[in-house]
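Asks: The lines below spell out each chain.
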Amino acid sequence: MSKNIPSRRAFLKGAAATGAGLAASSAAAATPDPLITEVQPWASGLGDGVDATPYGLPIEFEDDVIRRNVEWLTADTISSINFTPIHALDGTITPQGCAFERHHSGAIELSKPDYRLMINGLVDRPLVFSYADLERFPRENHVYFCECAANTGMEWAGAQLNGAQFTHGMIHNMEYTGVPLRTILQEAGLDAAGDLKDKWVYVEGADASSNGRSIPMEKALDDVLVAFKANGEALRKEHGYPVRLVVPGWEGNMWVKWLRRVEVMDGPVESREETSKYTDTLEDGTSRKWTWAMDAKSVVTSPSPQAPITHGKGPLVITGLAWSGRGAITRVDVSRDGGKSWETARLAKPGEKMALTRFYLDTEWDGEEMFLQSRAMDETGYVQPTKTQLREVRGLNSIYHNNCIQTWWVRANGEAENVEVS
Amino acid sequence: MLKFLKVTTALALLATPALAGNFGLGRAALPEEIAAWDLDVSPDGTGLPAGSGDVLTGEEVFADKCAVCHGDFAEGVDNWPKLAGGWDTLADDDPLKTVGSYWPYLSTTWDYVNRSMPFGDAQSLEPDEVYAIVAYILYSNDLVDEDFVLSDETFGDFEMPNADGFIVDDRMETEFTQWVGEPCMQDCKDEVKVTMRAMVLDVTPEEEGAAEVTEAAVKEPAAEEVTAIDPALIEAGEKVFKKCKSCHQLGEGAKNRAGPILTGIVGSPAGQVDGFKYSKALTAMAEDGLVWDEAALTAFLAKPKAFMKGTKMSFAGLRKEEDLIAITAYLQSFNE
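These protein sequences, in sequence, are chains A and B. In this text, residue positions in the first sequence follow this note's numbering: the first is 1, and each later residue adds one. In this text, residue positions in the second sequence follow this note's numbering: the first is 1001, and each later residue adds one.
Chain B with its partners taken away, still in its complex shape (with noise of 0.2 Å):
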């Protein structure tokens, strides 16, 4: 099997055991520590806990602790995994790899998913809430019906649809035999022409040093005399907030979606939420000192592409005046 590697002597050194142990450093290892530590589970299911999970519970897991992130349907949030869809896409221009559509074993999901995720708060899970988001996972790949639920017991019947789309490193054979020997030197092609350039696209980043990449332009918001706002306004800016929930969250435990919290977003600077990825166009206008007021805010929301080109916000914009006017008061109405 290990074919690509070198005969070496490395395993003939080791044929002398009376080597094996000589030095009598370290110490045992206590059998709770193994059991702390040695988590790791098999294609064959080897090192799985005793548990279970379904469907419906691994839903309520994923939402509550993955779908920041991954996305209520595991449709993946930004940048983040995509965990479900992509059947049949591999040999696609743009293959779209998930764990329904490339990943060859379910003990790599769970192995996962028990020792690394949450992100941030990996080791967190309880074994049957791992078994119910793998579950979870499976069903948002179609792969299972919403009665199912995984266990240590059925978890050896389950075959994933790629496990046969792997081969072992190849490259000796259909490699190594074409791209050995002495090369051309001379005369090796007759032309040579551009045929594409890293310049036609714009993806190189912008090359300071250390301590210019820190700079940021951040103009001080204006201090506003703050009024009372009509609570009718706030509750019609609430149902035209509708519209945006899906991406964006505000008030008390917030978090960022596919869009910024914007708790406090009028009067801001542009583009200073914690740990939320701007577009380029966002953060150029910034850069160039852009503040959330409420000449910005409605000229954005009514029409977000005109107003700043290259904005990640698919949003297409609000038409009505009454609608900006409402959402408006309703955001300001976090300010506090």
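Pulled out of the complex, with its shape left as it was, chain A reads as follows (with noise of 0.2 Å):
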């Protein structure tokens, strides 16, 4: 069992897959082609009637498109993380039904009846709302990525996961639905808070592991939002229904699933989760806390290890995502010598605070390998570092926030390949 086996078994499904498609965009077909000659089955007889899945799935042959786990990388599945198909997806939206989970008690089932939030500590009225409460405060939809801290925290040391799900798959980008958490905190009164400039709010789940965290005021009282519904329809169980903190930009530990309290506290409660997790220690032992907001960051997800290029030389599209949680992604360029020249990839859309940009580079492959890398920057002037320039600052035991550029070296067969590079 060899290590190429991803790639290679990708590599073969892609082929089979598109092997009609090749012929048929040949300049001239040998022999007629039997899927237009012949009537087909679905020409001829008739499909599923139309209540056949009252809430449908992806169809059979999109079973691949689905998350997955890296065993090795904890205890076992209930405390665990498994990572969004991003090499197989398109556009910036990410369906709830392959997004990926995070859970350090395992996902939970808790009903809206049974659903309580509480706002206590240093407010004018300890509050207790129901679901139904909060579907009564004026709402907002946004679209934000939830990106969490440890996303490409196994390549820190060297290239090592074979696949942009499995090196950049820690994030997700939904449409929410929610209330201000400002509203609600406002609901509850902050004159007995006083000044705010140096109050936090402490958040935490309704699971066994309550994962809380410590969130200054002047956040929370910006845009975090306490969201219901994701892409027009409830959070999944896995995504914390039926109520999650959504906190745009910042890492992922922070948008507690399961919201049960928020308390109004004078300083942080310095949690398991803000201490001895998600703090990156740098070279010389010491360690960043706080370190909340994600750094502008982009990868090509096609070509990559899991969709390499099976239509040989010709028109190409490279494609990937990219974003920043200190707002807009203003340009992507892309690599295809490793860093040696660059050129501007075209946005498919204007890039929006704190959400998915998806780039793309419409271009002629000459069949030759190419060491693809991405590059982006954000509206602050930031620009993408690569792997070496943060290993300058912070040495190989950060964990988190790795936000470096990464480098898919395709070969001429079109396979792909995760490597670091000089």
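The hints are simulated quantities; they were obtained by calculation from the structure and are not laboratory data. If you're wondering where the values come from, they're calculated on a predicted model, not measured in any experiment. One thing to keep in mind: the hints can contain errors.
One side only, chain B facing chain A, incomplete, derived with CB under 10 Å [stated by the list, open to error]:
1. Gly-1085
2. Lys-1097
3. Val-1099
4. Pro-1104
5. Ser-1116
6. Pro-1127
7. Ser-1151
8. Glu-1191
9. Val-1194
10. Arg-1197
11. Ala-1198
12. Gly-1289
With beta-carbon atoms standing in for the labels, derived distance ranges [unchecked claim]:
13. Met-1185(B) - Gly-312(A): 20 to 30 Å
14. Thr-286(A) - Thr-1195(B): 22 to 32 Å
15. Thr-286(A) - Ser-1279(B): 30 to 40 Å
16. Thr-1046(B) - Ala-157(A): 38 to 48 Å
17. Ser-1279(B) - Gly-47(A): 38 to 48 Å
18. Ala-348(A) - Met-1185(B): 20 to 30 Å
19. Pro-95(A) - Lys-1305(B): 42 to 52 Å
20. Ala-157(A) - Val-1180(B): 24 to 34 Å
21. Leu-1056(B) - Gly-267(A): 51 to 61 Å
22. Asp-1202(B) - Pro-41(A): 15 to 25 Å
23. Glu-1235(B) - Thr-286(A): 55 to 65 Å
24. Gly-1181(B) - Ala-157(A): 26 to 36 Å
Every residue, glycine too, gets a C-beta built ideally from N, C-alpha and C.
Could you fit the two chains together into a complex? Lean on the hints.
Replies: As structure tokens, this is what we get:
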């Protein structure tokens, strides 16, 4: 069993799937295509009726577009993480059904009737809300990415996992419907908190881990959402049904699922998740804490190890995703020679704050090997760094916040591999 | 302090308290309800209930409720967190971050144990048990003596070794100043060489469709005639099993430790114990139909690493043939 099984298998599967397409697109077909000349069953018989699947799932041919887990990362699957199949998706919205999951005590089942949200601490009136109460506040819609601070974290010491899903798949991007946390805090009243500048909120979930995090009041009053819908429908169980916190641009661990309590406090709790975890150790052994914002980052999703080129030379669409926790993406450059030269990619739409941006480079492939890279820039003027630049500042043991430029080595046969280059 | 955030209008917005509470939604939280949920403990000890616990009591509670994952000495089992050790490793290539070597505040340990542990049975501990467990974790980190007692009153006196090991996010000063501006577009470097390849490591999961994932080639074990086993042989096997006991449990109430439960293992297909994470090597052989019949078991126990290259079992092997026969008999006696 060798290392290259995943890409080999994906390569063969891809080749088989597009074989007919290849023939059809050739300048001249040698023999008439039976898919055209012969009446196919689907063109003659009948398909499913309208109620065959009251809530639909993707068609069986797409059954490889699924979340995947890297077993050796964690002790079990209850306190663990899996990865979004970003190599197989396009556009920017992540379907809930394949959006990565991260649990600390497993995904619990909490019904709307059993749901309670408590606001306490330095507030004028400690309050309890039901789920129905939340739906009576004015609500907003926003698209935001949620990225785990550990996304790409396995790559600090070197190229390790062979696929964009595994190197960059701890991310999803959804349209949330919810109530600003500001509105709910105001309902409880903040006069009791006095000067808000040095105040914090502590947020926790209803699951056994509680996963509590401290958030400075300034952020809590800015853009944090108490969300109950994603992509138009209820949150999935694995994403915190019925209510989760959305903390735009900040690390996913703070997006507390099954949100049950918000406490206004004088200072941070310094909980397990903000001291022993989600702190970034530097080369000299000191560690950064409160590294909340996710810096600008991008990755080519296709071609990539799980999405090899199967059509030979000629027209090629190079595509990927870019995002920044500090604002909108303004530009993405792509290199085919490992960073010697760069060309600016086309953004599918202008970048939006703290949301995924899709980029395309519509090009011709000469069939030669490529060292594919992408480099994002955001509205602050920040340019996504190389891994070497990151290591010079942080060393190899940060675990979190690895936003380095990724390299895919695309070979002449179209297969791609995760590599590091000089 | 909050210089990392852009100056926001949010605070200004709140300067108009007339806005507050104008929907009349929700109801007052009762004191009992707040007491039930507001359990967090801050670094200065705010939130701690009255109580105390000593190291020796903690050792017992820990052995009973924590050691299955964290090890008897808080050294960690398999991939579960190590809670002790790692002193002076934070600047090493592979730092070991434990309560003793890394955690800056004792309150964090108390709070986490109290609210989130034991894994799968959270919020079941009494305050005195939590004090005792935390005292034992400090002891296992060599930070206190065995007569140490932790209580809400002594809590504030304790400073963690790595309390000063943290700085507030300084990326704006150390990184943003370097990584802004118009980037290079042409002739940015002379040469590009591959310095590391993911293919060299073998750590990427195999990619399969959802339908394929659940497929497993499980062979039905051949029905064997049950014959009475020599009690003396079983007794001899029980002695041999002492070598296995630190990692494997058997019979009633057995739990997976560093190794899987072995109840009923003789004649069973390999890799079938619920909740145990097998090595890749074992999983592969299981998929190829490995059954732990007497021949396979004795071959494995004689030379584990030769029989199964890549096994997680660190045991060197049993040299004597009589030991192999005895232990197989002993294991078989748990098949009923």
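Asks: Next, verify each hint and record whether it holds.
Replies: Verification of the supplied hints:
Given the 10 Å rule on beta carbons, the hint for Gly-1085(B) is violated: about 14 Å separates it from the nearest Cβ of chain A. Against a cut-off of 10 Å between C-beta atoms, the interface hint on Lys-1097(B) holds, since the closest Cβ of chain A lies about 7 Å away. For Val-1099(B), the shortest C-beta to C-beta distance to chain A is roughly 8 Å, which falls under 10 Å, so the interface hint holds. A distance limit of 10 Å between C-beta atoms decides the matter here; for Pro-1104(B) the minimum to chain A is near 6 Å, and the interface restraint holds.
About 5 Å separates the beta-carbon of Ser-1116(B) from the nearest beta-carbon of chain A, less than 10 Å, and the hint is met. The interface hint given for Pro-1127(B) is broken, as the beta carbon of that residue sits about 17 Å from the closest beta carbon of chain A, more than 10 Å. Annotation: Ser-1151(B) was flagged as interfacial toward chain A, and the flag is violated, the nearest CB pair being 20 Å apart, outside 10 Å. The restraint placing Glu-1191(B) at the interface with chain A holds, with a minimum CB-CB distance near 7 Å, inside the 10 Å limit.
Hint status for Val-1194(B) relative to chain A: holds, with the closest Cβ pair at about 5 Å, below 10 Å. Using the Cβ-Cβ criterion of 10 Å, the hint placing Arg-1197(B) at the interface with chain A is satisfied: the shortest such distance is roughly 5 Å. Hint status for Ala-1198(B) relative to chain A: holds, with the closest Cβ pair at about 4 Å, below 10 Å. About 16 Å separates the beta-carbon of Gly-1289(B) from the nearest beta-carbon of chain A, more than 10 Å, and the hint is not met.
Our hint of 20 to 30 Å for Met-1185(B) and Gly-312(A) holds, since their Cβ atoms are close to 29 Å apart. Remark: the range hint 22 to 32 Å for Thr-286(A) to Thr-1195(B) is upheld by a beta-carbon distance near 28 Å. Checking the proposed 30 to 40 Å range against Thr-286(A) and Ser-1279(B) shows it holds: the Cβ atoms sit about 36 Å from each other. Between Thr-1046(B) and Ala-157(A) the beta carbons are some 40 Å apart, a value that agrees with the proposed interval 38 to 48 Å.
Between Ser-1279(B) and Gly-47(A) the C-beta distance comes to about 46 Å, which sits within the given range of 38 to 48 Å. Look at Ala-348(A) against Met-1185(B): about 22 Å separates their beta carbons, and that is inside 20 to 30 Å. Taking 42 to 52 Å as the suggested C-beta distance range, the pair Pro-95(A) and Lys-1305(B) conforms, at roughly 45 Å. Checking the proposed 24 to 34 Å range against Ala-157(A) and Val-1180(B) shows it holds: the Cβ atoms sit about 27 Å from each other.
As the Cβ distance of Leu-1056(B) to Gly-267(A) is approximately 34 Å, the hint placing it in 51 to 61 Å is violated. Remark: the range hint 15 to 25 Å for Asp-1202(B) to Pro-41(A) is contradicted by a beta-carbon distance near 43 Å. The given range of 55 to 65 Å is respected by Glu-1235(B) and Thr-286(A), whose C-beta atoms sit roughly 58 Å from each other. Take Gly-1181(B) and Ala-157(A): their Cβ atoms lie about 29 Å apart, and the range 26 to 36 Å holds.
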